[in-house]
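Each chain, written out:
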Amino acid sequence: SQTIHQWPATLVQPVGSPLSLECTVEGTSNPNLYWYRQAAGRGLQLLFYSVGIGQISSEVPQNLSASRPQDRQFILSSKKLLLSDSGFYLCAWKTGFGNSYEQYFGPGTRLTVT
Amino acid sequence: AQTVTQSQPEMSVQEAETVTLSCTYDTSENNYYLFWYKQPPSRQMILVIRQEAYKQQNATENRFSVNFQKAAKSFSLKISDSQLGDTAMYFCAFKGTAGNMLTFGGGTRLMVKP
Chain A
1 SQTIHQWPAT
11 LVQPVGSPLS
21 LECTVEGTSN
31 PNLYWYRQAA
41 GRGLQLLFYS
51 VGIGQISSEV
61 PQNLSASRPQ
71 DRQFILSSKK
81 LLLSDSGFYL
91 CAWKTGFGNS
101 YEQYFGPGTR
111 LTVT
Chain B
1 AQTVTQSQPE
11 MSVQEAETVT
21 LSCTYDTSEN
31 NYYLFWYKQP
41 PSRQMILVIR
51 QEAYKQQNAT
61 ENRFSVNFQK
71 AAKSFSLKIS
81 DSQLGDTAMY
91 FCAFKGTAGN
101 MLTFGGGTRL
111 MVKP
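These protein sequence lines are chains A and B, in that order. Just so you know, the working numbering puts 91 at position 91 of the first sequence, and the rest follows in order with no gaps. Just so you know, the working numbering puts 64 at position 64 of the second sequence, and the rest follows in order with no gaps.
Next comes chain B alone, as it looks inside the complex:
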């Protein structure tokens, strides 16, 4: 079974600074999909970024980028130029090629300070 681990329960960053959230996972599959979701205080889960394991290039979406290290089974999220609106819970998620399940990590609570 796949597991997803987010080792940082809480983090904080000053506005306009850069922060990196960690995520590691365990799988025996070679092809899979990884996601970062954001859950602001409104509780709406929002997809931030996705990465296909067969792609070597790290995904980027505006201020959000990932560092995907397949051999190390690591999938960190970097937020550049942090904004107050980035304050939220961030969840890392894994999807194997079989089945319908997303496996979520326990989340990291990020606080952006003015």
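Bound-form chain A, shown alone:
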């Protein structure tokens, strides 16, 4: 069965510091991968998605970037964090094959920028 991991689970970082959040998927190959941000009490905002290694699409201009160095690894980064980057970050995957469209989510990372 497929599983998705995210780490760290929680993170407190000062403004201006760098960021690296990692997401890995097991039990599948060539997944579509997604990064979402959820502000407190709000819905999900799609940040990035990737259909393959090195292929990144950005949905909103922002202080963040994403990379996919391996098939089942998706990384969210920032060179200098802003206060507005605080939130709950969710990674999700979808099979890259067939006509299945549902996405499956990881446990999330709560980021607090101080």
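Keep in mind that the hints were calculated from the coordinates and are not lab data. Errors might be hidden in some of the hints.
List of simulated lysine to any residue pairs, SDA-like, C-alpha gap at most 25 Å [what the hints assert, rightly or not]:
| # | chain 1 | residue 1 | chain 2 | residue 2 |
| --- | --- | --- | --- | --- |
| 1 | B | 78 | A | 104 |
| 2 | B | 78 | A | 12 |
| 3 | A | 80 | A | 112 |
| 4 | A | 94 | B | 32 |
| 5 | A | 94 | B | 47 |
| 6 | A | 79 | B | 61 |
| 7 | B | 113 | A | 40 |
| 8 | B | 73 | B | 57 |
| 9 | A | 94 | A | 47 |
| 10 | B | 70 | B | 33 |
| 11 | A | 94 | B | 68 |
| 12 | A | 94 | B | 52 |
| 13 | A | 94 | B | 113 |
| 14 | B | 70 | A | 43 |
| 15 | B | 78 | B | 67 |
| 16 | A | 94 | B | 61 |
| 17 | A | 94 | B | 24 |
| 18 | A | 80 | B | 57 |
| 19 | A | 94 | A | 110 |
| 20 | B | 55 | B | 24 |
| 21 | A | 80 | B | 68 |
Just so you have them, the derived chain B footprint on chain A, three or more residues with Cβ under 8 Å [what the hints assert, rightly or not]:
| # | region |
| --- | --- |
| 22 | 47 to 59 |
| 23 | 81 to 95 |
In this text, a Cβ means the ideal position worked out from N, Cα and C, and glycines have one as well.
Given the structure of chain A, go ahead and fit chain B onto it with the hints provided.
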């Protein structure tokens, strides 16, 4: 662009009762996919139920069922025999046939009371 609206920010229901969460969406597409996700206090997003727009039959998963009204662009979730573990945020999501994005509604916070 598609939009998804959940008009009930918060709802409550007594244990063992039935509750219906509303979701409406706007699209010009004829074929698409709709989902309900549950986000309990642990913050893990869990897929509850899915519906393909070309299917007239409403989807059912145990105590969860949907009322899909394509003409009205409505996709409500009914939870029967509510349990304390159903307490969570519930998100409605839309996926068109093109692209990789899920569009989420703003969520409904459901509290099941003993």
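Outcome of the hint check:
About 22 Å separates the Cα atoms of residue 78 of chain B and residue 104 of chain A, which keeps this hinted pair within 25 Å; it holds. With a CA separation close to 38 Å, the supplied pair residue 78 of chain B and residue 12 of chain A exceeds the 25 Å bound. For the suggested pair residue 80 of chain A and residue 112 of chain A, the alpha carbons sit about 14 Å apart, so the restraint of at most 25 Å is met. Only pairs whose Cα atoms come within 25 Å are accepted, and residue 94 of chain A paired with residue 32 of chain B is accepted, the gap being roughly 16 Å.
A hinted pair counts as satisfied when its Cα atoms are at most 25 Å apart, and residue 94 of chain A with residue 47 of chain B qualifies at roughly 12 Å. Proximity of residue 79 of chain A to residue 61 of chain B is assessed by CA-CA distance (about 44 Å); at most 25 Å being required, the pair is judged violated. Between residue 113 of chain B and residue 40 of chain A the alpha-carbon distance is near 23 Å, which keeps this suggested pair within the 25 Å criterion. With a C-alpha separation of about 15 Å, the suggested pairing of residue 73 of chain B with residue 57 of chain B holds against the 25 Å cut-off.
With a CA separation close to 16 Å, the supplied pair residue 94 of chain A and residue 47 of chain A stays within the 25 Å bound. Restraint check: the Cα-Cα separation between residue 70 of chain B and residue 33 of chain B comes to about 11 Å, which is no more than 25 Å; the hinted pair holds. Note on residue 94 of chain A and residue 68 of chain B: the hinted pairing holds, with a Cα-Cα distance of about 24 Å set against a maximum of 25 Å. Using a Cα cut-off of 25 Å, the hinted pair residue 94 of chain A and residue 52 of chain B holds, with the two alpha carbons roughly 16 Å apart.
At roughly 34 Å between alpha-carbon atoms, residue 94 of chain A and residue 113 of chain B are farther apart than 25 Å, so this suggested pair is violated. Pair hint residue 70 of chain B plus residue 43 of chain A holds up; C-alpha atoms about 23 Å apart against a cutoff of 25 Å. For a cut-off of 25 Å, the pair hint linking residue 78 of chain B to residue 67 of chain B stands: about 8 Å separates their Cα positions. Our distance criterion of 25 Å between C-alpha atoms is met by residue 94 of chain A and residue 61 of chain B, whose separation comes to about 20 Å.
Taken as a hint, the residue 94 of chain A and residue 24 of chain B pair is honoured in the structure, with Cα atoms around 24 Å apart against an allowance of 25 Å. Our distance criterion of 25 Å between C-alpha atoms is broken by residue 80 of chain A and residue 57 of chain B, whose separation comes to about 50 Å. Only pairs whose Cα atoms come within 25 Å are accepted, and residue 94 of chain A paired with residue 110 of chain A is accepted, the gap being roughly 22 Å. Note on residue 55 of chain B and residue 24 of chain B: the hinted pairing holds, with a Cα-Cα distance of about 17 Å set against a maximum of 25 Å.
As the CA atoms of residue 80 of chain A and residue 68 of chain B are separated by approximately 45 Å, the hinted pair breaks the 25 Å bound. Restraint check on the region 47 to 59 of chain A versus chain B: 4 residues with Cβ-Cβ distances below 8 Å, three needed, restraint holds. Taking a C-beta to C-beta cut-off of 8 Å, the region 81 to 95 of chain A contributes 4 residues in contact with chain B, enough for the three needed, and the coverage statement holds.
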